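*Asks:* Anchor point for the sequence shown: position 99 equals 99 in the UniProt record's numbering, and the numbering is continuous, going up by one each time.
What the hints contain is simulated information worked out from the structure, not anything from laboratory work.
There is no bait here: all hints are sound.
Cβ-Cβ distance ranges computed for the label pairs, FRET-style:
hint : residue 1 : residue 2 : range
1    : Gly7      : Glu86     : 35 to 45 Å
2    : Phe50     : Lys132    : 17 to 27 Å
3    : Glu150    : Gly36     : 48 to 58 Å
4    : Lys154    : Pro78     : 14 to 24 Å
Simulated crosslink set (DSSO-like; lysine-lysine; CA at most 30 Å straight-line):
hint : residue 1 : residue 2
5    : Lys65     : Lys117
6    : Lys107    : Lys152
7    : Lys54     : Lys65
8    : Lys117    : Lys148
9    : Lys154    : Lys72
10   : Lys54     : Lys97
11   : Lys100    : Lys117
12   : Lys100    : Lys54
13   : Lys148    : Lys118
14   : Lys119    : Lys148
15   : Lys100    : Lys72
16   : Lys97     : Lys72
17   : Lys97     : Lys119
18   : Lys72     : Lys152
19   : Lys154    : Lys76
Just so it is clear, the structure is predicted and the values come from calculations on it, not from any experiment.
We treat Cβ as the ideally placed atom computed from N, Cα and C, and that holds for glycine.
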Amino acid sequence: MKCPFCGSIITRVIDTRTTDGGAVVRRRRECEDCGGRFTTYERFEQRPIFVVKKDGRRQRFDRQKILSGIIKACEKRPITLEEMEEMLTEIEHEVRKLGKSEVSTLKIGELVMNRLKKKDRIAYVRFASVYKEFRDLDHFMDIISELKDELKTKNHLGGI
1 MKCPFCGSII TRVIDTRTTD GGAVVRRRRE CEDCGGRFTT YERFEQRPIF VVKKDGRRQR
61 FDRQKILSGI IKACEKRPIT LEEMEEMLTE IEHEVRKLGK SEVSTLKIGE LVMNRLKKKD
121 RIAYVRFASV YKEFRDLDHF MDIISELKDE LKTKNHLGGI
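Could you put together the complete structure from these sequences and hints?
*Replies:* The following block contains the structure:
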């Protein structure tokens, strides 16, 4: 591995760890010439996934774009960035498990909403309002009623 500081190719690995459930190998390296230390990451090469938009256009799956939507929905909620990134990793794993080269924005939106619904109902409503393009207050009332009904059912079943 070429040293980013001096360009030497004489480096050695001083620490190796796996992250992201074993999908990533993190290596700490040291340059033998200048003593500089740096970190490299190894990931297996995954085939690209394309997202099919509502209008039929295709875009490459973009983790940052999805994370941005999650962050907006979770703004001022008690959810850490680490938890949001964990949700995103779960969503990406689920998309990849489908084994397809394309996935619809509808599927991705549903996956995000399912995760947010379990984590924080306010963030869920926020995301749903954008994802489902709420046009008026009635849409908010409908989704809030659904959440209330689910909560009542859950409490009723838990109380038996």
